[in-house]
Amino acid sequence: MKSNALRIDSKDNVVIATRPIGKGDAVVMNGEAVCHAAEDVALGHKVALAPIRSGDAVVRYGEPIVQATRDIGPGEWVHVHNTQPIPGDLRE
Amino acid sequence: MEFTGYRREDGRFGVRNHVLVVSSVSCGNGVVEAIGRALPEVVTVTHAYGCGYGPSDLAVSHRVLSGLMNNPNVGAVLAIGLGCEALKAQSLATSVQGKPAEALEIQKEGGSAATIAKGVETATGLLKALNAQQRVSAPVSGLVVGLECGGSDALSGVTANPAVGAAADRFVAEGATVILGETTEMIGTAHILKRRCANPELGEQVERLVNGCEAQVRATLGPLAGMVITPGNIEGGLSSIAEKSLGCITKAGTTPIVELVDYACQPSKRGLVIMDTPGFDIDSMAGFAAGGAQLIVFTTGRGSIAGFPAVPVVKVASNSRTYNNMPGDMDVNAGSILEEDRTIDGVGREIFDLSLRVAGGERTCAEVNRSAPFGYLKQGPTF
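First to last, the sequence lines map onto chains Z and D.
Take the first sequence: its position 84, counting from 1, is numbered 1090 in the working numbering, and each next residue is one higher.
Take the second sequence: its position 75, counting from 1, is numbered 170 in the working numbering, and each next residue is one higher.
It should be emphasised that the hints constitute simulated quantities derived from the structure, not laboratory data.
Fair warning: this is a prediction, and the values are worked out from it, not measured in the lab.
Certain hints may be false.
[Unchecked claim] If you anchor each label on the Cβ, the simulated ranges turn out as follows:
1) N420/D - N1036/Z: 41 to 49 Å
2) N1036/Z - V463/D: 55 to 63 Å
3) P195/D - N1036/Z: 48 to 56 Å
4) N1036/Z - A314/D: 39 to 47 Å
5) R1076/Z - T99/D: 37 to 45 Å
6) H1042/Z - A314/D: 28 to 36 Å
7) N1036/Z - R290/D: 23 to 31 Å
Glycine is no exception: its CB is placed at the ideal position from the N, C-alpha and C atoms.
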């Protein structure tokens, strides 16, 4: 099966769409379907690989990048609509 | 592991053996260019500086030009000055250790034509002397590799930068030094970089550096400071400044940070080193080259063509479109991770292997194209 997603670090709980993924399509990593896309996901955007609870860190590059503002299920698009910067990361 | 390079008196190894012809002040640029036209084998370096600024910029100018002259890829130097400038050609030549370094002043030599004639004669002699030198076996642990990204796109942090990170880990595993720069592109990751430092004191220094850079960006850009993460970045899928900056620092791989050095200063340790350089590619690469980097690995999404004088730059495209659209400018296609199901580590291996072949003499696209822009960081006013 042709891959359409890439996990950058083994600790990551999101994968990156390496081509546009349509709603209902299998999210395929290393030739294996890992979940199904809950919505359309554009190239370069993030898809949850595992359940992410509200307040939990979204991990990419093996590091926390943002935190979920609501529960996010596998296959959901992860971006600014359901996450926020981790408080204290960047001084305002 | 080994490559073949040119052994220098200080024990470092050059991956090239260039005669460098440098102007100490921009007034000498025409003479330097004329010597370069007469002798295309020399590497010429011209710039817009050398006079009319304060002591701190003068010190940085000296450090950058002297550092580049002392870079192990340079086998001999000819510095060209005018005569009445602040940054003297003779003072630069005197700073060069363990290799031939000559200086000429245009006013003293009797004008442009006389200096060009004498410069061509001098450089011809230097070229002849270097031709007699042979490559010898050199340890990969003697390499210092600068890591740069420029003209990034939404895929830089997905393909090219992680692949360079995999290559960086291989270099460090071999005992080599890799330099991560571009402090502006570390904003938002101070806490992460701090944790990756080999000791707490270094962690504090790195945190202070990145937070200081953030404060400077805010002071300079005011309400535009938020533009460090742009609407375009968010459209591309980046959710926070931390995510964007992680996409940049992932070039450095996963090994501990062992040292922090100032702009254009030579690292004293082996392993992953941070250098305080600006985000602008050319000025940043000048810092690496002056710090002794013999090689630079440079990722690009949109398609930067910039090499650097005397230092081979390996170009890694983040996507196949740019790679195919600019044939002859890109050395590696990290876009193959997307289209050909290659792994990040596989492309990292390709970058590492190619870098060693380049160290041994294989020319990069930017070298073939003679694309070697030069500039460096200047911060104070010009008087």
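Now for the hints, and whether the structure bears them out:
1. N420/D - N1036/Z: 41 to 49 Å: 28 Å, violated
2. N1036/Z - V463/D: 55 to 63 Å: 36 Å, violated
3. P195/D - N1036/Z: 48 to 56 Å: 55 Å, holds
4. N1036/Z - A314/D: 39 to 47 Å: 46 Å, holds
5. R1076/Z - T99/D: 37 to 45 Å: Given range 37 to 45 Å: violated, Cβ gap about 58 Å.
6. H1042/Z - A314/D: 28 to 36 Å: With a Cβ separation near 48 Å, H1042/Z and A314/D fall outside 28 to 36 Å, so the hint is violated.
7. N1036/Z - R290/D: 23 to 31 Å: Since the Cβ atoms of N1036/Z and R290/D sit about 29 Å apart, the hinted range of 23 to 31 Å holds.
Checked against the numbered hints above, the structure violates hints 1, 2, 5, 6; every other hint is satisfied.
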